[in-house]
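Participant: Residues per chain are reported as follows:
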Amino acid sequence: DSGVTQTPKHLITATGQRVTLRCSPRSGDLSVYWYQQSLDQGLQFLIQYYNGEERAKGNILERFSAQQFPDLHSELNLSSLELGDSALYFCASSLDRGEQYFGPGTRLTVT
Amino acid sequence: ELKVEQNPLFLSMQEGKNYTIYCNYSTTSDRLYWYRQDPGKSLESLFVLLSNGAVKQEGRLMASLDTKARLSTLHITAAVHDLSATYFCAVGGSQGNLIFGKGTKLSVKP
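If you're matching them up, the sequences are chains A and B in order. Numbers given in the working numbering equal positions in the first sequence, counted from 1, plus 1. Numbers given in the working numbering equal positions in the second sequence, counted from 1, plus 836.
Same shape as in the complex, but just chain B (with noise of 0.2 Å):
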């Protein structure tokens, strides 16, 4: 059965700070995601990772894969409040649906 982790689950970071968010999966997949959740919002899309060494990045979020290791980092570059949300990441199931990490509530803070 295919699980994913995410640690750390909070994380209170202050404006201008870096972090990273970490994502391991127990079983091959070919696909992982990572979304945003804004409190009760829908989910956005921030980055698909189809590849060993896979290398994404969006403004101040840098998202990497490492399917050896089945391990995905989320970097965060010196945070501003604005990215205070709850980001996921979800792995592709066999039968393409997603099976999502717990999820990792950031708090932004001046």
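Just chain A, with the same shape it has in the complex (with noise of 0.2 Å):
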């Protein structure tokens, strides 16, 4: 058990739909990062929040969205969805730019 913890585990939802993906760090863990793992494209960074500031963007669409909020959970907004988002969702949390630990993962399912 890493200490970081996502919900919900598994989400199936239909195109066009929007949901919210939420990551609860490991106690004291200031940064939090977001990735995407599909078989076609692998793991992909997303988005990285530092004590509620965005600090790096990866590959995120525009209709992609996230942010941390004063007690240092994250949540990712997934909008306008499409069968090509389904993908495991992939948080993780650092003390700054150390080792990274992640979270048990979302699976989001888009029919």
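Keep in mind that the hints are not guaranteed to be accurate.
PhoX-like cross-link-like pairs, simulated, lysine-lysine; straight-line CA separation at most 20 Å [what the hints assert, rightly or not]:
{"hint": "1", "chain 1": "B", "residue 1": "Lys877", "chain 2": "B", "residue 2": "Lys941"}
{"hint": "2", "chain 1": "B", "residue 1": "Lys839", "chain 2": "A", "residue 2": "Lys58"}
{"hint": "3", "chain 1": "B", "residue 1": "Lys839", "chain 2": "B", "residue 2": "Lys877"}
{"hint": "4", "chain 1": "B", "residue 1": "Lys853", "chain 2": "B", "residue 2": "Lys941"}
{"hint": "5", "chain 1": "B", "residue 1": "Lys853", "chain 2": "A", "residue 2": "Lys10"}
{"hint": "6", "chain 1": "B", "residue 1": "Lys945", "chain 2": "B", "residue 2": "Lys853"}
Residues of chain B clear of chain A, computed beta-carbon distances all greater than 10 Å [to be verified]:
{"hint": "7", "residue": "Pro844"}
{"hint": "8", "residue": "Phe846"}
{"hint": "9", "residue": "Lys853"}
{"hint": "10", "residue": "Asn860"}
{"hint": "11", "residue": "Gly876"}
{"hint": "12", "residue": "Lys877"}
{"hint": "13", "residue": "Ser878"}
{"hint": "14", "residue": "Ser881"}
{"hint": "15", "residue": "Gly895"}
{"hint": "16", "residue": "Phe924"}
{"hint": "17", "residue": "Asn933"}
Just so you know, these hints were derived from the structure itself, not from any lab. Idealized CB from N, CA, C, for every residue including glycine.
Can you join these two chains into the complex? Each is in its own frame, and there are hints to help.
Facilitator: Below, the structure written as structure tokens:
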């Protein structure tokens, strides 16, 4: 158990819908990272927050957004969902730029 | 743009044999990580390599880093079935994010 929690574990929704994925980092970690894992794209970095502020952006679509709240938990919002958004979404946390610890992931299925 | 290449992508081994997974990366980085992933599960951190010549060992796995060659290796000694998983190397990007290789799916057969 890495200490990073993610909810929900599984999510099934229809195209065009919007969903929110939630992540709570390890106690004391200030950085939260979101990654997407799909069969065709592999593991891709989406976005990073540090202590409430956006720090880095990767291959994140405009339909996706994220935020980190004062209690340091983070949410990833995915809207206008398409079939191709079906993937495993991981959250990871770290103290700063150090070792990242991954949560159990949220499996999103878009039908 | 930082790119990470792993090979092989698939590896079928017999129990008791040795093998090496290679990870090449395209630009300088000060951090390299190896992760293990079981099917449908999260990523488990195996090794963190921070300096040229770093070597770390845990059980039947040993990882090394050559920053001049931009190469890391994960060596498997006397493989056992429990090592069957997908292994990823990842390199630290300038912003702290990780750039992953495509992963090596290892299958150890009796």
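Participant: Looking back at the numbered hints, which does the structure fail to meet, lowest number first?
Facilitator: Hints 3, 5, 11, 12, 13, 14, 16 and 17 not satisfied by this model.
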